[in-house]
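Asker: Sequence:
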Amino acid sequence: MIVGESQEVREQVSRWIEDGQNHYLGAVSRVLQDYDRLQGAVESAERENEQLRGLVYENEKLRNRLEGSEHESEQFREEVKQLRAGTERHLREREEIADALTRVMNEAITRLRTQAA
1 MIVGESQEVR EQVSRWIEDG QNHYLGAVSR VLQDYDRLQG AVESAERENE QLRGLVYENE
61 KLRNRLEGSE HESEQFREEV KQLRAGTERH LREREEIADA LTRVMNEAIT RLRTQAA
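According to my numbering, the stretch in the sequence shown is residues 1 to 117, in order.
Please note that the accuracy of each hint is not assured.
Said to hold, decoys possible - Label-pair distances were calculated between CB atoms; the ranges are:
#, residue 1, residue 2, range
1, 52, 11, 57 to 63 angstroms
2, 93, 71, 58 to 64 angstroms
3, 96, 116, 38 to 44 angstroms
4, 90, 60, 54 to 60 angstroms
5, 95, 56, 57 to 63 angstroms
These aren't lab readings, by the way, just hints derived from the structure by calculation.
Please read all numbers here as calculations on a predicted model, not as lab measurements.
Backbone N, C-alpha and C define an ideal beta-carbon position, used for all residues, glycine too.
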């Protein structure tokens with residue numbers, strides 16, 4: 001009876017070992033599949049990260065250009081403001097000269113009329 005039980009125990013232990021090996025191989029296979037899948041995801045994330053770095057670099061360049069353009073635009077606005085002020089000053093001077101010339105001409109005409117009369 002002990003021999004029969006011993007044989008059953010051996011068979012059961014053999015099945016457990018075989019089942020354990022199958023479970024172990026299945027687990028190792030799943031781990032390797034997960035590793036391959038995760039490795040692909042890491043590579044994809046690294047490529048995307050590199051693309052994002054490029055976009056960040058381009059964004060910084062554009063931001064710097066924009067800031068430069070805004071500064072240049074402000075300088076142009078100031079220059080236009082100064083030019084308009086100069087134009088207004090020249091127009092006032094022109095009107096003053098025209099008024100002065102009109103007065104001189106009116107006085108000259110008045111003198112000529114009084115001399116002719």
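Asker: Taking the hints in turn, state whether each one holds.
Answerer: How the hints compare with the structure:
A C-beta distance of roughly 60 angstroms is found between residue 52 and residue 11, which places it inside the suggested range of 57 to 63 angstroms. Distance hint check for residue 93 and residue 71: the Cβ-Cβ separation is about 33 angstroms, which falls outside the suggested range of 58 to 64 angstroms. The hinted range of 38 to 44 angstroms is not satisfied by residue 96 and residue 116, whose Cβ atoms lie roughly 30 angstroms apart. Roughly 45 angstroms separates the CB atoms of residue 90 and residue 60, a value that falls outside the hinted 54 to 60 angstroms.
Between residue 95 and residue 56 the CB atoms are about 58 angstroms apart, so this pair conforms to the stated range of 57 to 63 angstroms.
When the structure is compared with the earlier hints, violations turn up for hints 2, 3, 4 and for no others.
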